[in-house]
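Chains as they are written, first to last, in the working numbering: chain A, 1 to 136; chain B, 1001 to 1335.
FYI, nobody ran anything at the bench for these hints, they're computed from the structure. Note that beta-carbon positions come from the ideal geometry of N, C-alpha and C, so glycine has one too. Treat the hints with care, since some could be wrong.
Facing chain B, from chain A, some residues (calculated, C-beta under 8 Å) [to be verified]:
1. Gly55
2. Phe76
3. Pro81
4. Trp84
5. Gly112
6. Thr115
7. Leu117
Covered, in the sense of this in silico footprint (three residues per stretch, anywhere, with C-beta under 8 Å from a C-beta of chain A), are these stretches of chain B [what the hints assert, rightly or not]:
8. 1144-1156
9. 1222-1232
10. 1257-1266
11. 1271-1279
12. 1286-1298
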Amino acid sequence: MKRAAFLRAVIVAAALALPAVAFAQFGHPMKGQWSGQWGPANSPNRLLLDLHWDGKDITGTINPGPEAATIKSVTFDYTDPSAWVVKMTAEGKDSSGKPVQISVDGKLENIGAYTKLFHGTWTQSGKKGDFTVTRN
Amino acid sequence: MTKSLRSALLGAVAVAVFSSSAWVLGAQQGGAAGAAGEAQGGGRGRGRQSGPVTPAPRLPDGTVNFGRVPGEKGVWAVPYITNMAMRVVGKDGQVLPEIQQAQAAARAGGGGARGGGGGGGRGGSKSEPWMPWMPWSAAVYDYNSKNESKYDPEGYCLPPGGPRMMATPYQMEIIQQPEHKRIFMIFEGATHIWREIYMDGRKFPEGEELNPTYLGYSVGRWENPDTLVVENKGFNENSWLDYFGHPHTDKMEVVERWTRPNKQTLHYEATVTDTGAYTRPFTMAWDIPWREGGELPEYICQENNRYLNRLEDDLGQPIFGPRPQPGQKPPTGTR
């Protein structure tokens, strides 16, 4: 039994390790799917960012699904090439159909690695909190 | 330690990452993989040709034979071109005057052409003003320059994409099969890969049918009996254009022109159009020498790749280590 449990653990660990290799991406560093959360640690809000690069702009969606918000603008400051300053705005609707405004002020770091990191301050409908997402 | 020596050593480490076993093999074969020293010259290559220059061989249909003729051995000794920006040519096929001036200035200053060529390379995007940067591609290149290509995908034993196949310093064979309307390229290096070029006049797959890959989808045609034109689309974003870290996107298209002006030389030209990373197309060119008598040895990049075991990312995490968990503060060391 112990051996079977050990094997299961090895398989799970291997499966978890695979995506890091499988999704290497060296194009525009913001492109791709990002996951994480924003808000207080004891009541976090899950985040999924699905971002695209069309050659001119970053486009995409925050939390695809019924409460999705569409990216409206993204700007970059490349003064420090290893820590880009990124500002993002988005608009969506909540479950009751009310408009939701999102403003993101963050830093993009670990740019060359698989586990790119985007973190900073997330403001949504007047609430503000820290956010952290890593590239999937 | 001087900067140039440090740069040379880093270049050597980069090659060693994907060639630890091949180095030994190469040394046994007359320095076939002893590229690091030459690499810093921006890609003069190895496998110097010797003997008289002779006409390029031909296939029965009159087109150039890019491979061996029956009864002989030989391979193409692909040069190590660390910085392709230093190989950008104008419409006349000559290296841009500003690159020549930068190289001459570097030589006059005693710097030679180290680090991929004087005037370019580790100076980042500003040292290569002829490159049609987009702001983000310049920033990524500056980042790769600053960390001295720490994240070079070839260091992970991932294959090169596009023209880098013709600039990764191992041997290569071209096998033409006109009866099957296809051409194969077999590379010792770059993770022991092969490439197929379709010569049957087909059109490129469209939309999602064009599956993005490291080497892209290649369709070739003879412009004339001397010149093979190969169009390439469908690249993924898992590679760099060169060791110095010029980025590209999946919008990249490459048109290659191959000629064999004589038996000893393959002249290679590649025009890169990438509307995701560069504001206009640019063309690079270089020669690849024929190595008479050469054969392809086995080389497995992945074997004993200790570089990956010790590589840490900018946050001090193992490169393949655990990811930060949701809600976790960025590790110490984050700016």
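Practice task
List in ascending order the numbers of the hints, as given earlier, that are violated by the structure.
Solution key: Those not satisfied are hints 9, 10, 12.
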